[in-house]
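K.L.:
Residue strings, one per chain:
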Amino acid sequence: MIRIVAMLATIMLGYAAAAAESVPSCDVPESLIPADYELTRVAAAIKDNRRLQITVVGSGSSALSGPDGARLAYPARVEEALRARLPGHEITVTTHIQPRETTAEMAAGLHKILADDKPALVIWQAGTVDALHGVEPEEFRASLDQGLEAIAAAGADAIMMNMQYSPRTESMLGVTAYADVMRWVAEQRTVLLFDRLAIMRYWNEEGIFDLYAATKDYAMARRVHECIGRALASQIINGAHLDAENMQTKR
Amino acid sequence: MPSPAPAVASERDLRLDLFRGVALWLIFLDHIPENVVNWFTIRNYGFSDATEIFIFISGYTAAFVYGRTMRDRGFLLASARILKRAWQIYVAHIFLFTIFMAEIAYVAATFDNPLYAEEMKILDFLKQPDVTIFQALLLKFKPVNMDVLPLYIVLLLLFPPTLLLLLRSPNFALAGSALLYALTWKFDFNLPAYPNGVWFFNPFAWQLLFVFGAWCALGGAHRLSGVLRSNIVLAVAVGYLLFAFAIALTWHFEPLQRFVPTWLSDWLFPIDKTNLDVLRFAHFLALAAVTVRFVPQDWPGLKSPILSPAIRCGQHSLEIFCLGVFLAFAGQFIITQFSGGPLLQTAISLLGILIMVATASLLSWYKGIEGRSPTARVKARDADLAGGEA
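These protein sequences, in sequence, are chains A and B.
Residues in the first sequence are numbered from 1 upward in steps of one, following my numbering.
Residues in the second sequence are numbered from 1001 upward in steps of one, following my numbering.
Looking at chain B on its own, in the form it has when it is part of the complex:
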């Protein structure tokens, strides 16, 4: 019987860790531009991609962990913990930026080709590190593929008051979030980026997914359980997923494009990732509805050793996310260095996931032996979750 989390979720839902782990793998794969394995990631089969899963689950776990703290120990302590978490993510982001700078500096020092005189201007920012590094510290300068963590930081900074509202009046909070989303679309709110433009992931739009995740964790999922059990909802969700799949096929097989009427493509495109297009949000909802229906919380598969690598990665999401970004840099570097074909790309992809799993296992083991007696661990587990894994 598919039963979504009860109003006050008492036990950590392993499905969250599983799907967050899988999302982290997919984000890693998608960040390697030249990669045949990319064909298996969900962005090729519909409108939304792993980012939606990651942000939704992050909102869910943040509310799950800090919601209880706020209820039991007050607004101040919960806010302090949330801000501490935001700070950790900030430090992780700057660490990744340093690695990125090292890669760029290396390329600038070793690569020269008159064919790419124009493209190499991307390295010009090395000439003024005073400005660039400062802008990076302000989260305005964000190299390619380093946009997710800054989004996460802003979402957490805004989270204490949001969570307070969610606990007092969840539906009102969700409505407020939807209103902000709508106003963002109407008035083009966004944060400025450096050297110009705006944030690739607009926090004012993407907050909807994060708050929706939090709302689900605080009893929303329970309230929706009736809706989720309905066969009509299932049919609509499956229908929409099939529709998105059909449209996605036309991106890959151009001859199919003639079957998409002009009015439809005019209406559909462009599908805006920056502002979390409604089509993407709906696609995520449909995916979630179908998933919840067929993978109940007490599904025995969640305990099987086959899925434990993904679950473990999902339980250390910040570390594994950062590692994934780094591995994608490194993997891309190796693939281009050796002009690698599909074979090397597949090997790099598998190796990368293997390293992610090994690291996650190491982190779990590390946590396990940190000198806690078994009784102390049970007690400390919530604090662990609060401090490290939201």
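Looking at chain A on its own, in the form it has when it is part of the complex:
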């Protein structure tokens, strides 16, 4: 039986290696970045002012450590990607990232951030710290509600981002309950969800990234953030209906 398992494992490994070599692109199928709800404030900001202010609120997984971490993490990458896709527009992304902040703490701090930044869009990455601390899902849900309420009241669109897919820690860090809450809240409040969990799982399954690999090297982490930035830019553009043709007719 062990031989069979070993044989199967070898086949799988071979398959994964071949896939990793031949698929360099990290494009995500549209179904994984749905744009069911319209980002009206983003659309208006682009159309009326040709400028877009985005605020990213999140915890440790919204940042990269190391030299140039800030420039290479996804908030900076989404800014870059949007500038490339919306030429002639002023795109600014500001970040408010506190490594150990729970969703309740982030929600409490949102009023000040919204007043300072006056963003058209808030990208709110949440859930991981709550899972680490074992916050009650019901409390987590209430915090999300409170935060989204504040964002709506400040006249901004919101995109929630859930946890990273992390196969090595999956059996120790239970994120499913929190991911379910976010999915449910997104649906209830008709807010877009950037399903980082599903997207990274897709990359892992397709062999685009081997997220199980142990490495001290930053190369893969950077590429993952670059790809998250691009996918997020696509979701924003689709959500605000800013596709190329549209932009051309407006110009």
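Hints were generated in silico from the structure; no laboratory data involved.
C-beta: ideal position from N, C-alpha, C; glycine also.
Relax, there's no trap hidden among the hints.
For lysine-lysine, the following DSSO-like pairs were computed, each having C-alpha atoms within a straight-line distance of at most 30 Å:
hint, chain 1, residue 1, chain 2, residue 2
1, A, Lys112, A, Lys47
2, A, Lys118, A, Lys47
3, B, Lys1084, B, Lys1367
4, B, Lys1140, B, Lys1127
5, B, Lys1121, B, Lys1140
6, B, Lys1127, A, Lys216
7, A, Lys216, B, Lys1121
8, B, Lys1303, B, Lys1367
9, B, Lys1121, A, Lys112
With the Cβ distance kept under 7 Å, some of the chain B side facing chain A (calculated, not the full set):
hint, residue
10, Phe1111
11, Asn1113
12, Leu1115
Assemble chain B onto chain A, guided by the hints.
P.N.:
For chain B alone, coordinates are given in the frame of chain A:
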């Protein structure tokens, strides 16, 4: 003719072992996060899952075994046996915790990836083993998927007085249990967990299922037999199961969600597992009603060799449950280590169940040869059940 257990159940109901065995398999499968075989487990087709089956049957067998002891030999002896059983489960839980710690320590020592700096903080508790291990011994710190046994322990600790009441006045006891359940929902009773939060399986809510199982074992099933034979009950149960199935489908196929009206989803969700949502409890009741109707106690299939592996697993539930938790850890480890696809996942799932069945057979064989003469075995069987398999 479907006939539920008589008032004083004299023979062990093989259906209990069968469904508990199946529940143990399902719990094993569900505990492997990346597994295509999960598609076959009941949680995808309705509101309740294998945990409900496991807790109900555990309550049923506990009352079946210790109820007789309490009646024949008194409160003290029965309580002592129940507490001994709770202690065994506690030791089993700590054993599993040790395995879990070993896995975590291994991952902490070998895994490094700057992408997961945040997630790796879950390993921080290794830095203060004094606190963590102490909290685990107090059952406050419970790693992922290790919540069922602590629930079982608390249920057993509360069981001696409950059983006494159940024997004296079963309906009063069941009403008390339902009242505690209702008060738990109203006032949010629960036990504290470490580092914060509360127990994932709230014992004050889940006790309802356990006590209901015990109530059924002590004659409740017999009293319900008229209800269970009614076609109206069957129709309601089947209707509810179909409704739950339809809702469950919308979780897996998002386009279907538009067919669920907002008021309905507002009312349905979230379905609270921690506090044993009424929808889950009702779903279990419906499943049980349909099952009892179509699988009578004297169903010849229960003696068929096809079902004997599951029955055997159900007869050694504590050992097989622990083994299942361990195998799920190990299986997940292998699947992620080799980035395994559906093929490997299926192989691991089948292998895991095979190991569970083999172990259960070994345990049965072991018990059989433990130097008892055939006549002594008949006598000793009840003690066996009482000591080991409730």
